[in-house]
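Please take these sequences and the hints and turn them into a complete structure.
Chains as they are written, first to last, in my numbering: chain A, 1 to 288; chain B, 1001 to 1293.
Be aware that one or more of the hints could be misleading.
[What the hints assert, rightly or not] Simulated pairs of lysine to aspartate or glutamate, DMTMM-like, Cα-Cα distance not exceeding 20 Å:
#: 1; chain 1: A; residue 1: K238; chain 2: A; residue 2: E251
#: 2; chain 1: A; residue 1: K238; chain 2: B; residue 2: D1020
#: 3; chain 1: A; residue 1: K96; chain 2: B; residue 2: D1020
[Said to hold, decoys possible] Label pairs and their in silico Cβ distance ranges:
#: 4; chain 1: B; residue 1: G1121; chain 2: A; residue 2: P196; range: 48 to 54 Å
#: 5; chain 1: B; residue 1: L1272; chain 2: A; residue 2: F107; range: 41 to 47 Å
#: 6; chain 1: B; residue 1: N1182; chain 2: A; residue 2: T157; range: 41 to 47 Å
#: 7; chain 1: B; residue 1: Q1288; chain 2: A; residue 2: L72; range: 48 to 54 Å
#: 8; chain 1: A; residue 1: P196; chain 2: B; residue 2: A1191; range: 48 to 54 Å
#: 9; chain 1: A; residue 1: T157; chain 2: B; residue 2: P1213; range: 38 to 44 Å
Simulated from the structure, these hints should not be mistaken for lab results.
Quick reminder that beta carbons are idealized off the backbone N, C-alpha and C, glycines included.
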Amino acid sequence: MSTIRARSAAAYWLALPAALWMLAAVVVPVGMIVWVSFWGGRAFSPASPLTFDNYTRFFANTIYLNLVVETLRHTLLLMAVCGVLGYCIAYFLVMKVRSPGWRTALFLAFVIPFWTSALIRAIAWVPFLGVNGVINQALLALGIADRPVELFLYSRTGITMAQISLYTLMASGPVVYMLAQIPPELREAAMTLKAPPTVVFWRIILPLTLPGVVIGQVLVFLNVMADFATVQTIGGNKLALLPNLVINFYEGAQIRAAAVVAVLLMLCMLAGVAAALRVVDVRRLGAT
Amino acid sequence: MDGSAATLPVRAEARRRRFDHHARSRLMAWVLGTLTVAFLLYQWLPILTLSLLSFSGPTGGTTFPMNGVSLHWYRELWDASIMNDFKPPLARSFLLGLACAAVTCVLAVASAQAMRGGFRGHNLFFYLILLGIMAPGLLVGFGFALLCRLLGVETAWNTTAFLVHVSWTLPFGFLTMLAIFNRFDPKLEEAALTLGATRWTAFRRITLPIVMPGVIGSLLFGFSLSYDEFARSMFTTGADITLPLAVMAQLDRQLTPELYAIGAATTLTSLLVILGCTIALWLWRRAQRGPNR
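This is the structure:
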């Protein structure tokens, strides 16, 4: 017995508003993109004939194809860096910090920036990266470089640096959650049975935290794939990845081309999520 | 006799190995600790620098030297011209955030409660809500803009942008409530129902107070995620823009310390909101505990 009867009509009524809201604001719009990407003709009208022309035009252009590859490479790089960094930090916070006070303090220092605007955090990197930026000033002052390095602002390096600071928490958070769930007795049992620490890690800790790693990787993957704002802020107008192409086409009133790029982006993401779901069952995470 | 002579080296070996493991574990802690602290610095330094530079003198540029310390750029922000006046966008973002917080909280509690009812298709429902987190703002915003154009709906911050923002904030509130309900002990409700409380009374008087941390959590998610949202707003806001859009527009025109001032101010606002919610939760818990003692 509980405040909600199992399989009652009340459950349906409670779920209905949220379901309708998500359908109207997420599912229908995404379907709309797919539909528009097949529109032929020039007018914005639902009566447009359906064709594959928009796709053939896109795939005929090698610059765009290279951009797809570039975007995937950039995303994989970030997944690797954020994944390793995030795992190390999560492991340190949960397993190595003994005092609860310190753990809370470090954890808060790690999490709080996530609650502030990602846009502002991306902008905060600009004074760091410029030719006269903080990094260059430091390099010059320390005598490491004898003239400003023009590597950072308006470059892929700068974008990567900023995105690492933005997305490491996403890779780390699920791992923290999974690590905290591991009962200490498991480790102790393994230690009692004389397993060396490396074996304990590879055979016990890592497999148990694998769902967290995968979820974290999915979050980084999805966010970096779609992050046009950081690229725009730090890359200026000189650099573009796939998501920026959507914006460029949209602002250039090329709705169909924008829709095609958006659909490709969506397909990449679906493939990524499907691959991840083969490894872990998201639904079971909350129940453990 | 014979046996102890044989075990002695083994024991010494075991002791040596344990010591080895201990030293290695400490070394590991140091390496990981250094890495963590380095990352925290890496994460915080830009925000702190931005805040520091926002206090630079009137002739200060967008990087060091600051050319004096002043509130010049904050004053500029305050008496801004119509072109770069951040006050109306700020007010809009704030109101939008509040509205999203309220709706997110109500819908999250309702849908998490519905999930407990285990209705047919609740798995599908779970994935439908989760889609709001998975689908990136770029796609949702772009798709919604297309939909509005098809239906001939004018986009505005308090109608279309609101609708889309909630689809982003709701899943976070929903997951928070699910996590809280997972740890909830249904026996408490059973006791209330057995004692003759109606379902609604039991929910209001027993369930809701226990899951209150989740409710406050989803309020917080609702406000802060909407307040900072850029991608979704970009496509669905129309002429009267919200704060992140105003910031981006200013960045496109020119980067000035004024932008740092707005950055520092909004970051501080976000932190104060979190602090406020934490204190509220703490006070509320204390008040709950009070009468029992």
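Against the structure, the hints:
A hinted pair counts as satisfied when its Cα atoms are at most 20 Å apart, and K238(A) with E251(A) qualifies at roughly 16 Å. Proposed proximity of K238(A) and D1020(B) is contradicted: the alpha carbons are some 53 Å apart, above 20 Å. As the CA atoms of K96(A) and D1020(B) are separated by approximately 17 Å, the hinted pair is consistent with the 20 Å bound. Roughly 49 Å separates the CB atoms of G1121(B) and P196(A), a value that falls within the hinted 48 to 54 Å.
Take L1272(B) and F107(A): their Cβ atoms lie about 20 Å apart, and the range 41 to 47 Å is violated. At roughly 43 Å, the beta carbons of N1182(B) and T157(A) sit within the given window of 41 to 47 Å. The given range of 48 to 54 Å is respected by Q1288(B) and L72(A), whose C-beta atoms sit roughly 51 Å from each other. Between P196(A) and A1191(B) the C-beta distance comes to about 50 Å, which sits within the given range of 48 to 54 Å.
A hinted range of 38 to 44 Å for the beta carbons of T157(A) and P1213(B) is consistent with their spacing of about 42 Å.
Against the hints set out earlier in the document, violations occur for numbers 2, 5.
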